[in-house]
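Participant: Please work from the sequences and hints to get the whole structure.
Same order as they appear, the protein sequences are chains A and B. The C-terminal position of the first sequence is numbered 303 in this note's numbering, with every residue numbered one higher than the one before it. The C-terminal position of the second sequence is numbered 303 in this note's numbering, with every residue numbered one higher than the one before it.
In short, the hints are calculated from the structure, not lab data. Here the structure is a predicted model, which is why all the values come from computation and not from measurement. Hints may be right or wrong, so weigh each one.
The list cannot tell twin chains apart, which means a pair is met if one copy fits it or any two copies do.
[Said to hold, decoys possible] List time: in silico DSBU-like cross-link candidates among lysine-lysine, alpha-carbon distance up to 35 Å:
{"hint": "1", "residue 1": "Lys293", "residue 2": "Lys150"}
{"hint": "2", "residue 1": "Lys161", "residue 2": "Lys131"}
{"hint": "3", "residue 1": "Lys150", "residue 2": "Lys43"}
{"hint": "4", "residue 1": "Lys43", "residue 2": "Lys205"}
{"hint": "5", "residue 1": "Lys244", "residue 2": "Lys150"}
{"hint": "6", "residue 1": "Lys205", "residue 2": "Lys150"}
{"hint": "7", "residue 1": "Lys161", "residue 2": "Lys205"}
{"hint": "8", "residue 1": "Lys205", "residue 2": "Lys244"}
{"hint": "9", "residue 1": "Lys244", "residue 2": "Lys293"}
{"hint": "10", "residue 1": "Lys131", "residue 2": "Lys205"}
{"hint": "11", "residue 1": "Lys43", "residue 2": "Lys293"}
{"hint": "12", "residue 1": "Lys150", "residue 2": "Lys131"}
{"hint": "13", "residue 1": "Lys244", "residue 2": "Lys43"}
{"hint": "14", "residue 1": "Lys293", "residue 2": "Lys205"}
One-letter residues, chain by chain:
Protein chains: 2
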Amino acid sequence: MTANLTAAVIGLGSMGWGAAVSLLRAGIVTQGVDLRLDVLQKFERQGGRGYGSAAQVADDADVVFTFVVNADQAEDVLFGDQGAVATAAQGTVFVTCVTMPPDRAIGIADRLHEAGMLAIDAPVSGGSIKAEAGEMTIMASGPDAAFDKAAPAIEAISTKVFRLGDVAGPGSQVKMINQLLAGVHIAAAAEALSLSAKIGLDLKTVHEVIQDCAGNSWMFGNRGAHIVAGDYTPHSAVDIFVKDLGIVTGTADALAFPTPLSDTALALFHEAAADGLGGEDDAAVAKVLARKGGVRLPGDTG
Amino acid sequence: MTANLTAAVIGLGSMGWGAAVSLLRAGIVTQGVDLRLDVLQKFERQGGRGYGSAAQVADDADVVFTFVVNADQAEDVLFGDQGAVATAAQGTVFVTCVTMPPDRAIGIADRLHEAGMLAIDAPVSGGSIKAEAGEMTIMASGPDAAFDKAAPAIEAISTKVFRLGDVAGPGSQVKMINQLLAGVHIAAAAEALSLSAKIGLDLKTVHEVIQDCAGNSWMFGNRGAHIVAGDYTPHSAVDIFVKDLGIVTGTADALAFPTPLSDTALALFHEAAADGLGGEDDAAVAKVLARKGGVRLPGDTG
Chain A
2 MTANLTAAVI GLGSMGWGAA VSLLRAGIVT QGVDLRLDVL QKFERQGGRG YGSAAQVADD
62 ADVVFTFVVN ADQAEDVLFG DQGAVATAAQ GTVFVTCVTM PPDRAIGIAD RLHEAGMLAI
122 DAPVSGGSIK AEAGEMTIMA SGPDAAFDKA APAIEAISTK VFRLGDVAGP GSQVKMINQL
182 LAGVHIAAAA EALSLSAKIG LDLKTVHEVI QDCAGNSWMF GNRGAHIVAG DYTPHSAVDI
242 FVKDLGIVTG TADALAFPTP LSDTALALFH EAAADGLGGE DDAAVAKVLA RKGGVRLPGD
302 TG
Chain B
2 MTANLTAAVI GLGSMGWGAA VSLLRAGIVT QGVDLRLDVL QKFERQGGRG YGSAAQVADD
62 ADVVFTFVVN ADQAEDVLFG DQGAVATAAQ GTVFVTCVTM PPDRAIGIAD RLHEAGMLAI
122 DAPVSGGSIK AEAGEMTIMA SGPDAAFDKA APAIEAISTK VFRLGDVAGP GSQVKMINQL
182 LAGVHIAAAA EALSLSAKIG LDLKTVHEVI QDCAGNSWMF GNRGAHIVAG DYTPHSAVDI
242 FVKDLGIVTG TADALAFPTP LSDTALALFH EAAADGLGGE DDAAVAKVLA RKGGVRLPGD
302 TG
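Facilitator: So, in structure tokens, the structure goes:
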């Protein structure tokens, strides 16, 4: 089956790039779509075929992954003037791997089904390193027929696929809950390590000890290391959590549900973005607290 | 050396009990102090000797562990009318395993040294199950002479001892940072799972998926399971985090350092206590959010 499957990946950012090269590695003919010529050239050197527009790829793909930044971009690359759906064959599987409000994910899947396509709501987790290794975790929901057809491609990019239901919605909902926790944990790691610096503790020691204690989180281990090293090279940027925690609070507000921790963390990410840190690694929220509290973190020359 | 060492444990609550039975298991003669007769009788059935007052044990102990609830209680059992220090031999090692403000830990160690004692600032982490297994993690600071003398007893109760310095202070400071993270993570787990319930997700599924994703924390795994099961049997109560996050915010406020996440989590624990949930498991903060947001969690009959 693999030999006959052709895939496309729209959006070759860090996660999309990882998916695209993982598909190539699995022997699947893969087309990549991006606006950046240098990225397309790099992708062709890896053995893929690069295009500047989604309309150019869909007629020749059985499975189309979308890895753009938000719901508006996803609607544009799928349904816009240069969108993929108009040229796609009936029954093409669209796997939408974008973190977006669950109601938007449901709306996109509905439009895809109306157009005769199959749709999987499939946000991912794992970061760029796991993506490039083909080891993403996918929180997926959609009809069995879509999973059956896309299976070889999905297997190529992931080590774990959670099947969360047969319609769009649950995939994006669980991803939203994951981002709630991830965003709050990054902010908590920032608060813990900047306060540690203020009281004169050695950050490397604190980072090591806590990872053996009940205060640990995946984000404390991962982003805490960025703060300790003073390295804010963006693996995932502050602006991403402005968006993702905004999805959480927007969804909760519409339900009149209280999310005090998410609200507080979001305010901190907004403050970092307003301070010009939006393009830095999300761990840079630590700089906001450190500057306000009058202590210098490693690598903070601002 | 073990054979000649005699220990005392003041306060046989969940952590102190675990330490005391671990000492007995290591063949160390151990005296236990508690106000509750039934606990003392249970301890004697395990092979220990039970007393109602700290003054009765110290003259016969080389190492005295203190496992009471807060700084005031620690000062009382050490320096009060029935306190241990007055009757202790010079050079007795006092290992203070109480989570308290770092400045109070420093003050207690100073008074112990002035009285001719050796002092270790030694907050612990791990919970009651690990405590009973002799597998606590200890965040410890104090002079080498104290560690040398207390070594067999400390080894009996812990699998990991972080030596954080040769004076009191760093032990309690690192523990405070751990509690900052732990408290915020419990509140975040509560927010994530109560919002999941509101949007109709299956909590067991969410709990399973997130543990494989970047949103995971030690507390999400541990306390999240309590919320999913609707079991609020207090392994560690809401009131403990009212105290511990109060230590964080009090210490930070005195330094004019911002702790927005801790402030928000503390407000939630205060609200839970005001709602009559102070004696329930700390995961019960989820009930506060669920009730405000109009959704019923498993096991919440309130």
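Participant: Indicate, hint by hint, whether the structure satisfies it.
Facilitator: Hints and how they fare:
Taking the closest pair of Cα atoms, Lys293 and Lys150 never come within 35 Å of each other, the shortest separation being 53 Å inside a single copy and 44 Å across copies. Taking identical chains as interchangeable, the C-alpha atoms of Lys161 and Lys131 lie at most 35 Å apart whether they share a chain (12 Å) or sit on different chains (31 Å). Proximity of Lys150 to Lys43 under the C-alpha cut-off of 35 Å is restricted to the intra-copy arrangement: shortest distance 29 Å within a copy versus 63 Å between copies. Taking the shortest alpha-carbon separations for Lys43 and Lys205, neither the intra-copy value of 37 Å nor the inter-copy value of 43 Å comes in at or below 35 Å.
When the C-alpha separation of Lys244 and Lys150 is checked against a cutoff of 35 Å, the pair qualifies only within one copy, where the shortest distance is 32 Å, while the shortest distance between copies is 55 Å. Taking the shortest alpha-carbon separations for Lys205 and Lys150, only the inter-copy value of 28 Å comes in at or below 35 Å, while the best intra-copy value is 48 Å. For the homomeric pair Lys161 and Lys205, the shortest alpha-carbon distances inside one copy (32 Å) and between copies (17 Å) are both at most 35 Å. When the C-alpha separation of Lys205 and Lys244 is checked against a cutoff of 35 Å, the pair qualifies both within a copy, at 30 Å, and between copies, at 27 Å.
In this assembly of identical chains, the alpha carbons of Lys244 and Lys293 lie at most 35 Å apart whether taken from the same copy (24 Å) or from different copies (25 Å). Proximity of Lys131 and Lys205 under a CA criterion of 35 Å is satisfied in both settings, with 25 Å inside one chain copy and 25 Å between copies. For the homomeric pair Lys43 and Lys293, neither the shortest alpha-carbon distance inside one copy (42 Å) nor that between copies (52 Å) is at most 35 Å. With identical chains, the CA atoms of Lys150 and Lys131 are at most 35 Å apart within one copy only, with a shortest distance of 24 Å there and 48 Å across copies.
Taking the shortest Cα distances, Lys244 and Lys43 sit within 35 Å of each other inside one copy (29 Å), while across copies they are farther apart (56 Å). Proximity of Lys293 to Lys205 under the C-alpha cut-off of 35 Å is restricted to the intra-copy arrangement: shortest distance 22 Å within a copy versus 40 Å between copies.
Consistency with the previously given hints fails for numbers 1, 4 and 11, ordered from lowest to highest.
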